[in-house]
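These protein sequences, in sequence, are chains A and B. Going by this note's numbering, 113 is the number at position 113 of the first sequence; the sequence numbering is gapless. Going by this note's numbering, 161 is the number at position 161 of the second sequence; the sequence numbering is gapless.
What the hints contain is simulated information worked out from the structure, not anything from laboratory work. It cannot be assumed that every hint is accurate.
Stated by the list, open to error - Partial list, derived from the structure: chain A residues whose beta carbon lies under 7 angstroms from chain B:
1) M1
2) A49
3) F51
4) E68
5) I96
6) N101
Unchecked claim - Under the rule of at most 27 angstroms between Cα atoms (straight-line distance), these lysine-lysine pairs were calculated in the BS3-like manner:
7) K112(A) / K3(A)
8) K18(B) / K2(A)
9) K64(B) / K89(A)
10) K18(B) / K64(B)
11) K64(B) / K35(B)
12) K120(B) / K11(B)
13) K120(B) / K3(A)
14) K2(A) / K120(B)
15) K53(B) / K2(A)
16) K153(B) / K53(B)
17) K153(B) / K3(A)
18) K2(A) / K79(A)
19) K16(A) / K2(A)
20) K53(B) / K35(B)
21) K3(A) / K123(A)
22) K18(B) / K3(A)
23) K18(B) / K120(B)
24) K16(A) / K123(A)
25) K11(B) / K64(B)
26) K89(A) / K153(B)
27) K24(B) / K112(A)
28) K79(A) / K16(A)
29) K64(B) / K2(A)
30) K18(B) / K112(A)
31) K24(B) / K3(A)
Ideal Cβ positions, reconstructed from N, Cα and C, are used throughout, including at glycine.
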Amino acid sequence: MKKTIAIIGATEPSGKAAMMQLASYPGIRFLLLSPDTTALTSLTQTLHASFPGAEIEPMTCTRDASWEADIILLTVPEKEEETVAQLIKEVVTGKIVIHINETGTPSDVLQKALPHSIIETLKPGELTGLSLTQSNMRG
Amino acid sequence: MFEVLLGNINKKVSLTEKEQELVKTFFIPKKLRRKQFLLQEGEVCQYTAFVEKGLLRSYNVDEKGHEHVLQFAVEDWWIADLYSFLTGEPSGYNIDALEDTELLLINGSSYEAMMEAVPKMERYFRILTQNSLVATQRRLSGNISLSAEENYKQLIAGNTGILQRVPQHMIASFLGIAPETLSRVRRQMTGK
């Protein structure tokens with residue numbers, strides 16, 4: 001099964017940086033989410049131009065995208081994490097939710113809101129070393 | 001999201017509210033769009049899947065590029081390549097969605113953990129295995145000894161709604177006959 005990653009907060013600086021690092025991974029499908037639809041359209045166009053052939057799709061429904069996804073990358077501002085977690089909690093059981101923040105501090109809010117997901121915290125630069133091959137991905 | 005699965009389980013074993021809540025935590029909710037794959041030939045089948053909504057098929061492709069449909073799975077059915085799931089060997093099958101589909105997936109370690117946490121699930125899966133064995137024997141027996149028309153009648157008698165949702169060439173492939181043969185059988189049956 002081709003792996004799908006949903007990036008919630010794709011137009012945030014850390015979301016854009018994550019996409020620039022991940023878009024060239026082969027065999028991965030990306031679903032991008034942001035409330036700023038203009039910025040999302042622009043980001044999608046930029047990514048398609050920079051990474052021709054990459055499967056990148058903007059979406060409007062965070063819950064549906066997380067339902068389709070195998071991995072959820074959360075790059076929204078910290079104060080929005082709880083709201084997003086409540087929105088997606090029913091559809092991310094058993095899935096990896098990667099939370100990116102500057103300090104790499106684990107999020108108690110996410111761990112509490114998503115008790116049946118696998119929460120991983122990364123600093124922005126650590127995404128580069130992330131292995132996304134089938135054998136290395138749980139969920 | 002779990003209504004169909006819990007309904008299916010409770011028809012075979014009776015779970016308490018607490019057990020139902022616990023069972024839910026072992027399943028991964030997954031949406032597939034039409035034409036997306038749950039499994040592709042050469043991959044290890046990591047999940048067994050319950051269909052909450054939608055329709056999938058499992059099939060293999062022979063050396064000439066012909067597809068052979070092994071199974072269709074509609075709502076309330078399970079689908080996987082059990083051999084690959086249980087042994088960890090690469091699968092020889094493909095499983096794809098024929099409609100937009102909502103699945104509940106369970107992997108090997110969660111499967112074992114669930115049976116330990118909710119022992120009634122062991123009985124549930126034993127009943128499923130028995131039913132599956134009977135269905136497989138019937139299908140094998142039908143392929144060996146029945147005519148195309150009789151096999152088609154058996155499929156109709158199953159009353160799963162598959163015939164209305166699947167293209168005729170896939171039904172023919174499932175029955176192991178040419179699409180032209182299926183057309184002839186259907187004509188003959190409507191003429192009777």
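task: With a cut-off of 7 angstroms on the beta carbons, see whether E68(A) makes it to chain B.
output: Where the cut-off is 7 angstroms and the nearest Cβ of chain B is about 5 angstroms from E68(A), the hint holds.
query: Is the Cα-Cα distance between K120(B) and K11(B) 27 angstroms or less?
result: holds, 12 angstroms
- prompt: Are the Cα positions of K16(A) and K123(A) separated by 27 angstroms at most?
  reply: The hint holds at about 14 angstroms.
message: Please verify whether K79(A) and K16(A) have alpha carbons no more than 27 angstroms apart.
response: holds, 19 angstroms
- request: Could you grab the alpha-carbon distance between K18(B) and K120(B) and see if it respects the 27 angstroms cut-off?
  value: holds, 13 angstroms
task: For the hint on I96(A), just tell me whether its beta-carbon gets within less than 7 angstroms of chain B.
output: violated, 11 angstroms
field: Hint consistency between K112(A) and K3(A) [alpha-carbon to alpha-carbon, up to 27 angstroms]
entry: The given pair, whose Cα atoms are some 26 angstroms apart, holds under the 27 angstroms limit.
field: Restraint check for K3(A) with K123(A), where alpha carbons must lie at most 27 angstroms apart
entry: holds, 22 angstroms
message: Between the alpha carbons of K24(B) and K3(A), is the straight-line distance 27 angstroms or under?
response: holds, 22 angstroms
task: For the pair supplied as a hint, K64(B) and K2(A), confirm whether the alpha-carbon distance does not exceed 27 angstroms.
output: holds, 25 angstroms
- prompt: If you draw a straight line from the CA of K64(B) to the CA of K35(B), is it 27 angstroms or shorter?
  reply: Distance ~22 angstroms between K64(B) and K35(B) Cα, so the pair holds.
message: Given a cut of 7 angstroms on the nearest C-beta pair, is the interface hint for A49(A) held or broken against chain B?
response: violated, 25 angstroms
Consistency note: the structure conflicts with the earlier hints numbered 2, 3, 5, 6, 8, 9, 10, 13, 14, 17, 18, 22, 25 and 26.
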